[in-house]
Amino acid sequence: MVAENTTKNLSITLRVWRQAGPKAPGRFVDYQSKDLNPNMSFLEMLDVVNDELTLKGEEPIAFAHDCREGICGTCSCTINGKPHGPGHGVATCQVYLRAFRDGDVVTVEPFRAAAFPIVKDLITDRSAFDKIQQAGGFITARTGSAPDANALPVPKGDADRAMDAAACIGCGACVAACKNASAMLFVAAKVSHLGLLPQGQAERDRRVLAMVSTMDAMGFGNCTNQYECSAACPKLISHDFIARMNADYLKASWRSVFKPEPASSAGGAG
Amino acid sequence: MATLDSKIPPGPLADKWRNHKANIKLVNPANKRKYEVIVVGAGLAGSSAAATLADLGYRVKNFVFHDSPRRAHSIAAQGGINAAKNYQNDGDSVYRLFYDTLKGGDYRSREANVHRLAEVSINIIDQCVAQGVPFAREYGGLLANRSFGGAQVSRTFYARGQTGQQLLLGAYSALSRMIGAGAVEMHTQSEMLDLVIVGGQAKGIVVRDLVTGAIERHAADAVVLATGGYGNVFNLSTYARGSNATAIWRAYKHGACFANPCYTQIHPTCIPVSGDYQSKLTLMSESLRNDGRIWVPKKKEDCAKDPNSIPEADRDYYLERIYPSFGNLAPRDVASRAAKRVCDEGRGVGPTGLGVYLDFSDAIKRLGENGVRERYGNLFDIYHEITAESGYRTPMRIYPAVHYTMGGLWVDYNLMSNVPGLFVLGEANFSDHGANRLGASALMQGLADGYFVIPYTIGDYLATQKPGSRPNADGAEFKAAEENVRAMTKRFLDIKGREPVSHFHKRLGKIMWEGCGMARTKATLEKALREIPALREEFWQNVLVPGSADTLNQSLEQAGRVADFLELGELLCLDALTREESCGGHFREEHQYPDGECKRDDEKFNHVAAWEYQGKDKAPLRNAEPLNYEFVKPSVRSYK
Ligand SMILES: Cc1cc2nc3c(=O)[nH]c(=O)nc-3n(C[C@H](O)[C@H](O)[C@H](O)COP(=O)(O)OP(=O)(O)OC[C@H]3O[C@@H](n4cnc5c(N)ncnc54)[C@H](O)[C@@H]3O)c2cc1C
Ligand code: FES
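Going line by line, the protein sequences match chains Y and V. Count the first sequence with the numbering used here and you get residues 20 to 289, in order. Count the second sequence with the numbering used here and you get residues 539 to 1178, in order.
Worth flagging that the hints you see were computed from the coordinates, not collected in a lab. Check before you lean on any hint, since a few could be wrong.
When the alpha-carbon atoms are kept at most 20 angstroms apart in a straight line, the in silico SDA-like pairs for lysine to any residue are as follows [to be verified]:
no.: 1; chain 1: V; residue 1: 641; chain 2: V; residue 2: 1164
no.: 2; chain 1: V; residue 1: 1034; chain 2: V; residue 2: 1008
no.: 3; chain 1: V; residue 1: 1048; chain 2: V; residue 2: 1032
no.: 4; chain 1: Y; residue 1: 175; chain 2: V; residue 2: 677
no.: 5; chain 1: Y; residue 1: 75; chain 2: V; residue 2: 1086
no.: 6; chain 1: V; residue 1: 563; chain 2: Y; residue 2: 53
no.: 7; chain 1: Y; residue 1: 42; chain 2: V; residue 2: 749
no.: 8; chain 1: V; residue 1: 570; chain 2: V; residue 2: 723
no.: 9; chain 1: V; residue 1: 1034; chain 2: Y; residue 2: 68
no.: 10; chain 1: Y; residue 1: 175; chain 2: V; residue 2: 625
no.: 11; chain 1: Y; residue 1: 75; chain 2: V; residue 2: 1041
no.: 12; chain 1: Y; residue 1: 42; chain 2: V; residue 2: 752
no.: 13; chain 1: V; residue 1: 570; chain 2: Y; residue 2: 163
no.: 14; chain 1: Y; residue 1: 175; chain 2: V; residue 2: 674
no.: 15; chain 1: Y; residue 1: 175; chain 2: V; residue 2: 1032
no.: 16; chain 1: V; residue 1: 1034; chain 2: Y; residue 2: 71
no.: 17; chain 1: Y; residue 1: 42; chain 2: V; residue 2: 747
no.: 18; chain 1: Y; residue 1: 75; chain 2: V; residue 2: 738
no.: 19; chain 1: Y; residue 1: 150; chain 2: V; residue 2: 749
no.: 20; chain 1: V; residue 1: 559; chain 2: Y; residue 2: 161
no.: 21; chain 1: Y; residue 1: 175; chain 2: V; residue 2: 626
no.: 22; chain 1: Y; residue 1: 175; chain 2: V; residue 2: 1087
no.: 23; chain 1: Y; residue 1: 75; chain 2: V; residue 2: 1036
no.: 24; chain 1: Y; residue 1: 75; chain 2: V; residue 2: 1082
no.: 25; chain 1: Y; residue 1: 75; chain 2: V; residue 2: 1032
no.: 26; chain 1: V; residue 1: 559; chain 2: Y; residue 2: 165
no.: 27; chain 1: Y; residue 1: 42; chain 2: V; residue 2: 552
no.: 28; chain 1: Y; residue 1: 175; chain 2: V; residue 2: 680
no.: 29; chain 1: Y; residue 1: 42; chain 2: V; residue 2: 751
no.: 30; chain 1: V; residue 1: 843; chain 2: V; residue 2: 930
no.: 31; chain 1: Y; residue 1: 53; chain 2: V; residue 2: 817
Just some of the chain V residues that point at chain Y, by a computed CB distance under 7 angstroms [what the hints assert, rightly or not]:
no.: 32; residue: 606
no.: 33; residue: 681
no.: 34; residue: 779
no.: 35; residue: 1085
No residue lacks a Cβ here, since even glycine has one placed at the ideal position from N, Cα and C.
Turn these sequences into a full structure, and let the hints guide you.
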């Protein structure tokens, strides 16, 4: 099931960030990649380059990827200075070589942010996002205790809005795109998804307080309304959700008589 | 010879699960925290299981090779999840979902398991909505449904084209809550490389930390594998690149039986291959078949023409022609083979001739372009991104691709394998889909297993284990398993051959697709069975794995997975060769009706084939678990 390569070829110089480990120094290294089919994906090009490096006895470029269809949030390259590269509303794995011209020099770096330390080459550690979720990104619903799903109608508009926010793939492009390395769009998306639904009301205050305080503790920067985050988001999640979360946070702070619990104990099993 | 006791409870079909739950052994609440359970995998099956078991009070350790549990392959499921809610009042019921699933599986699954699946499907939707899964809704605020292949009712719940994502994020949020509460110890980027058996029971695992390369031993009272399907044995598939069979394969080598490996599903609506650099195939949700019409030109000469210029009279809407009552919604295996047949006749389209049209022009006339965009906009965008063509202007081109594996480790009604203490959930087990899975029922099965089955059935085993009797991870069995893993790692790095791992994976994929793909014959299978061992031999002589064992090394990870595929592929072909009948996704050309439909042989093959490892270079043993149809009479599956 292999096609004839009928389309014209292109050659690209890749300028790739190489870094052996978290503490090792990093630097850009150039690789020539020739005879590329424009229908090839950007990551397929890295596959080809890696096989060539392997055959030459060099270490291949470590890069994160899995689904290769823009949904798992694993891939995370900054291409020519833009998280996820030249496309609009796509992840790195959805970039195709037809976006480049023959002879282009293309820089490839990991997502850069203090809260996402580099693990190796293009791979970063984004576990800070998981920590924020663990602090409060859920609705407590013990298995088996749920009422009938249609017992609580949800207005279509609210459900659609919640889905708009829930579409986040947790890739971290928003953080990488922000000059303050803020995680506000990521947190706001989860807070809004759950806060827009009637099921999410009971824990609404606690959720926003706990998630925001964990976000701060993980070393993400502040939001100064630059909106680079939404522009880089592969799901084009709107920064309106940030305003919504700020309002939620304010209300919750007023109402709260307790201090937000630390990440480790928030949302206890009880 | 393995003992295969399915432990199907007695009594009327509809009462089995209820009675079983009432009779099953319980672990008292104070004792639960004395038991430790290892769950490998955090897809729908693993994360729902880990979260629920932890909420019940068990101490849970969860392992994934991904950098976050949220990235499991389940995230990519698009179309939807079935449930017998009958919210549309269109005649659906638990029985009908049971029957459709059983028939869809071509009468090669256990009645009792499938009925339980249909029963708990109802609870799944309730559970997910309570967690905040934003399913599609109607204007009145109630849940919306769509229909899927192999069904004549509308019972599929969905969240745009991202149902798997939303269901997984729901389960991930439940899991996150338990991690935050300290009830689940989460190990990300930890790949299970061996199972540890102590006294004949599964009591632990050995993992490699994919970041530091450290090899770790973990002991538990029971081990749950929810590690997904093995479709990447074909290399090109709709699976995520990282999906692999290592966990179940290494359990197989410790005596867990592998059931029906040849039952693989080829999905009819995927974007065709474009070049040999291709790393994965992208699925276009089956929901497209609700409104898109599939056709090829009647005449070979027309295949290269612009499809819009081919008049209606010269088009062959072959699914509508052959299957008038199900039409474009025929089940996947049926639709895929039909596509293959027309392409084999030379009527395929696109640059490779391996493609058929999926045409929305009628739907656009009926609903308007915006109407179509509202329903399928994201899928049209995906298609455009990949092919640079617009599905609104010209028909899309699609071709079948490997998508799902019905086979997997053998489990009993409690989801326990024949190795006591080893449970297997989700796509990794063989249990509910027989020889073919209907659309929107893998998500249902994964969540059924994790939320509603294992939390009960694991107690039946743990109650037989004395609290605190868990072995120590310093025991001899653990050390031996660790040694085994270290030796294998060293071997990969020491070969220093001339071909990267990816080349072997591609070559294996080609052998598998040609020998054991959509249609299989004795000759193609025998050829594959000659080629695979030769390729494996070559791999162990000539693979080139750069780098070292004590850092993040993706080539090394890949080498281990491909080494396992090179063995599993052989078993898959052997199973296909031995099963001399056609059923569901397993189509043996020798066994078909004159119209090309599957010809089952219920006399000889109305059983599960459960393969048992006998040691290196020894032929595996084929055990059979008979399928007793008590309630439904297997008939020739017809969708005409
Ligand atoms: C593109 C696509 C679309 C689909 N759409 C639908 C649909 O619409 N409806 C439907 O019902 N089904 C659909 N399916 C099928 C369905 O998505 C899968 O069958 C299902 O999600 C599998 O879930 P799982 O929990 O069993 O495994 P997975 O989601 O594959 O999870 C496997 C887990 O195991 C871990 N793991 C694996 N091996 C190891 C190891 N050795 N060590 C440590 N961890 C390991 C992984 O990290 C991961 O967490 C689709 C499948 C594909 C490919
Ligand atoms: S690889 Fe999954 S989003 Fe890119």
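Next item on the list: Taking the numbered hints from earlier one at a time, note which ones the structure violates and give those numbers from smallest to largest.
Entry: Going through the list in order, the structure violates hints 2, 3, 6, 15, 18, 22 and 27 and respects the others.
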